[in-house]
Each structure stands twice: as structure tokens, then as C-alpha cells.
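Asker: Protein chains in written order, with the working numbering: chain U, 6 to 203; chain C, 23 to 321.
These aren't lab readings, by the way, just hints derived from the structure by calculation.
Each hint should be verified, as a subset may be incorrect.
Unchecked claim - Label pairs and their computed distance ranges (CB to CB):
id, chain 1, residue 1, chain 2, residue 2, range
1, C, Ala-82, U, Thr-59, 21 to 27 angstroms
2, U, Arg-79, C, Arg-74, 32 to 38 angstroms
3, U, Arg-79, C, Tyr-193, 44 to 50 angstroms
4, U, Ser-160, C, Ala-89, 52 to 58 angstroms
5, U, Thr-86, C, Ile-80, 19 to 25 angstroms
6, C, Gln-190, U, Arg-79, 49 to 55 angstroms
7, C, Ala-81, U, Thr-86, 23 to 29 angstroms
8, U, Thr-59, C, Gln-190, 54 to 60 angstroms
9, U, Ser-65, C, Tyr-193, 58 to 64 angstroms
Said to hold, decoys possible - Coverage of chain U stretches by chain C, computed from C-beta distances (three or more under 8 angstroms per stretch; other residues unrestricted):
id, region
10, 20-31
11, 169-176
As the list claims (entries may be wrong) - Not close to chain U: a few residues of chain C, all C-beta gaps over 12 angstroms, as computed:
id, residue
12, Glu-47
13, Gln-49
14, Ala-62
15, Trp-79
16, Val-88
17, Thr-138
18, Thr-153
19, Asp-178
20, Gln-180
21, Glu-212
22, Gln-215
23, Asn-235
24, Lys-248
25, Glu-286
26, Val-300
Quick caveat, the model's predicted, so the values are computed rather than measured.
We treat Cβ as the ideally placed atom computed from N, Cα and C, and that holds for glycine.
Residues per chain are reported as follows:
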Amino acid sequence: MTDSAQSTPEQLIRLLEPIHDEARAMARRLCRSRADGDDLFQESALRAMRKLHTLRDEKSFRWWFYRVLFSVHRNRSRRDTWRRLLRFGRQDEHEVIGADGSEWEEERQRVGRMAEALARLPAVQREAIVLCDIHEMSVEEIAALQGASASAVKSRLSRGRRRLRAYYERIGMAPLGSRLDPMDVAASTAPEQTREVL
Amino acid sequence: MTTRIDNKDSSALTRDMNAWAKWTESQLPDIADTRRQLVAAAREPEPRERRRTQRRWIAAVAIALVALVLLIPLPVERSVGRDVSVTLSAPELAQDRVAQIARVFQYSLASNTSTTTEAEPGTFVITTRTTHSRLTVDDLTGALRELLESSGLAVDIQIIEAYEIVRQSVYAHITDRHLVLEAPHERSAEEIQADLRAQLDNAGLSHLPVEVNERTKGSQRTLEIKVGDDQARLDELGIDLRFKDAIMLDVEDARGDDERMSAEIKRQLRALGIDVEVEVNGKEIQIFRDADAAPPTDP
Numbered sequence: 006m007t008d009s010a011q012s013t014p015e016q017l018i019r020l021l022e023p024i025h026d027e028a029r030a031m032a033r034r035l036c037r038s039r040a041d042g043d044d045l046f047q048e049s050a051l052r053a054m055r056k057l058h059t060l061r062d063e064k065s066f067r068w069w070f071y072r073v074l075f076s077v078h079r080n081r082s083r084r085d086t087w088r089r090l091l092r093f094g095r096q097d098e099h100e101v102i103g104a105d106g107s108e109w110e111e112e113r114q115r116v117g118r119m120a121e122a123l124a125r126l127p128a129v130q131r132e133a134i135v136l137c138d139i140h141e142m143s144v145e146e147i148a149a150l151q152g153a154s155a156s157a158v159k160s161r162l163s164r165g166r167r168r169l170r171a172y173y174e175r176i177g178m179a180p181l182g183s184r185l186d187p188m189d190v191a192a193s194t195a196p197e198q199t200r201e202v203l
Numbered sequence: 023m024t025t026r027i028d029n030k031d032s033s034a035l036t037r038d039m040n041a042w043a044k045w046t047e048s049q050l051p052d053i054a055d056t057r058r059q060l061v062a063a064a065r066e067p068e069p070r071e072r073r074r075t076q077r078r079w080i081a082a083v084a085i086a087l088v089a090l091v092l093l094i095p096l097p098v099e100r101s102v103g104r105d106v107s108v109t110l111s112a113p114e115l116a117q118d119r120v121a122q123i124a125r126v127f128q129y130s131l132a133s134n135t136s137t138t139t140e141a142e143p144g145t146f147v148i149t150t151r152t153t154h155s156r157l158t159v160d161d162l163t164g165a166l167r168e169l170l171e172s173s174g175l176a177v178d179i180q181i182i183e184a185y186e187i188v189r190q191s192v193y194a195h196i197t198d199r200h201l202v203l204e205a206p207h208e209r210s211a212e213e214i215q216a217d218l219r220a221q222l223d224n225a226g227l228s229h230l231p232v233e234v235n236e237r238t239k240g241s242q243r244t245l246e247i248k249v250g251d252d253q254a255r256l257d258e259l260g261i262d263l264r265f266k267d268a269i270m271l272d273v274e275d276a277r278g279d280d281e282r283m284s285a286e287i288k289r290q291l292r293a294l295g296i297d298v299e300v301e302v303n304g305k306e307i308q309i310f311r312d313a314d315a316a317p318p319t320d321p
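Model the full assembly from the supplied sequences, consistent with the hints where possible.
Answerer: And the structure:
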């Protein structure tokens, strides 16, 4: 698209503007905290700016940027895994959501549980679930973004959900055998089963 | 923002997912904030480049430290030999005689220089530094004392270890393992072997075997000294064995003249109390303990 030496923040911002909020939110959803998500987004934006010359068609910027985001996310996940194993740096510093009032207590618990549950998934499963169940992307779109086959994405979704359910069962939030299947893979291809909640 | 949920399901998992989706999109930094951070970050080196630069610095510092340890000379105090001083006193002791004694003293201790000072009338102090072992120095000075006292001189000999600050790199300290073993020729093979054993033990090489064999042919005596089982093993340990005999002769002035060199060697050995026949033929020097064993001069 342009020479790497000439890539400027303005060029990236122009392309990023239409998807800015969506991408920022996606980055947060891949991380355990908003601060981590904002760092992930910023690192991805910086890398995107430096690699902007590899973008051939501006129309495909959205997918291109997400691929950059996932690449950075996986690198950070690997790094965090080693940090956790070697006990480097902060490990359990999470934001306290709604700590300022009791009316937020339930919200705080829900968000905290989901953050913890998603953080326990491998990076690719976390990505697949966030893209499918929050961003409503189809299996084919996720496969294109993750650079994997559709069956691999289905497998990631299935395994990821199983792990989420297992975690919820373990913390006593869902009894064993109950139907905790709000995010079945089939649902991703059946829009009539969805409703807007926000 | 939407989350895809099953209408029939209102499980904790679904509710939590909704709450997560809502929470993560609240208070999002605006695009102006993103631009500001990008502009600031664009001025910084790329993270990978920064890591590469850090690695280069770490490597450079590591190499510099290794070079510092291995190559840069560090001062180390170590023994460089023994200072031997002989105090001679006798009424009417002539300076010529003292000079002659000093020369013999210097030659016998294999030192390069000696200094003679007159402490008071009739008392002279000869000092020199030798690299011989303490054992050898004791032997040599003992013999010298007997010789000098028998000629009517009062003799006092002092031997002091000489230490110096030597500037040498760690690398040189590691590789400098020349081991000088002394095998005085006048001793028996058993004595030499015991002496070498002690020297090797002192050098921390107790594991190296030592064997001394003596062969005699007519009046010619040959000492065969074996240290270690295998030369390759010594090379591996970085040990270079050097043997020193107790007698050092200075025949530099007579080089090239066989007859003169022969006479000079005889003279210097006689000064040490060793009466031998010497035959010099170019680079070959043959020394015979008694005149009877000398080969006929006429071919």
C-alpha cells in the first residue's frame, strides 16, 4: 500500500477509524483486564502502522488488522504463560469491577467469573469464542481470520465451550448435566436464535 | 453490541458473557487517544529492534567482561625465586677474591646477576636471586659454606623467599603451567626420584607418577627421568616439564672456539670442586669425570 518508511499514524488512523471501537473492545475481550486489552490494542496498532506497507487493499483493512491483533495476542499469551510458569511480574492483579458500590456487586461477580473463565482457555479457543459468541462472526469468517480450516474452528469452539462449562461447574455455577449450551456452534449459523441484549 | 445466546437459556454462563461484553466496551478510549499514543510510540524504536539492541548490549558487555577477566593483566603476588645473601668476613679479605667467590656463587645458583657490597672493612655481602628450589639452594649454599669455611672465611648465609607483584592476565595464569623440576646431577637416582616426587606434590600433581633410572657406561652416567604415563596427558593438562640441572656454566665468551670453551668449562667446574676432563667438538660437549676416561686426543 505504501512504503514502510512513509507509514504515519495518520494513515493508520484513517483506516482504523471505522473499526476503532469494535477492535478496542475485541482486544479487551481477549484479555483478562481492560488495561491489558488496551495494551494489546496499542501494541497491535503500532505493529499495524509499521506493517502497513504489506496491506494490498484498503477494503480488507478490517480483516488485516484483526489478523495483526490475533498475532500480537498469541505472542503475548505465550509470553504470559512463561511469566506465570516462571513467576515473573504481576500475576493476579485484576481490576476490581464495580468496587465503588454495592449495586455493581452482581455485575462485578459476573464479569470477574467470565474474565477468569476465558483466561483459562488457550489463546485460539478464546479468540474463536469471542469472535463467534460476542462479535457474531461465522465459522468461515473466524477460519479466515485465524488462518485455520472451518473444522478446526468448530473444534476450537466446541473445546472452548466445554472448558468454560467445566469451569462453571467447578465453581458451582452450573450443576453437572444441566444444559449450558448457549453458544453451540450451530447457533453461530442460526441468526434467528439470537437476540440483541445491548 | 450483541451477544449470541439461546433464548431458552438464561444460564449463568450466558448472563456472564453478556456482562463481559458490556463491560469490555464501556469507557473505551477514543481514537484521538489512539492517535496520540501512536505518535508517541512511533518515535520510539520498534520493540523487536529494542530487544535486539538490548541483546547486542548484553552480548557486548559479556564479551567485555570475559576479555577483562582473560586478557587484561591483573596484579598477583607470587614467589619469583629466592634471595640468597652470603656474608663473608676475614681479616685482610681481598676484593679480587670476593669477586671470584661471587662469580662462582652466581654461576652455581644459575642467576644472571649478583651484587657485592662491603659492609665494613673485611666484611663483604654478596647477594643474588635464584629460581632454584629451596632444596637445591640449601644444598648448594651448604656446599659453598663448607668450601669457604675450610679456606678460613667466616660465612653467614641467608635465604629469603622473594615475592613480587606480577601483572599477568587470568588467561596467562591458566595457561602458564610450566613446571620446572630440578634434578641435581650429583645425587643418586633414588634421591632424585624422591625430590621430584616432592616437587610434583607441591605443584598439586600428586597423581603424576615419576620414575628415575640410572645407567652407567664406564665413567659415563646417564639419568633417565620419566614423569607421567603419557605425554599426551601432560599436553592435555597444559603442563610443560622442564628440567634444570644444578650447574650452570657461562661459556658465552668462548663460543666458537672449542679449545677455549673446553678450558673455560674445566675452569668453572674446577672452581666448584669438580675436576673433570672436557672435550668440545662443535656443539657436542663431552664431560668425563676423570682424566683416565677421556678418549685419546689423537685420532
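Asker: Could you work out which earlier hints the structure fails to respect and list their numbers in ascending sequence?
Answerer: 1, 2, 12, 13, 14
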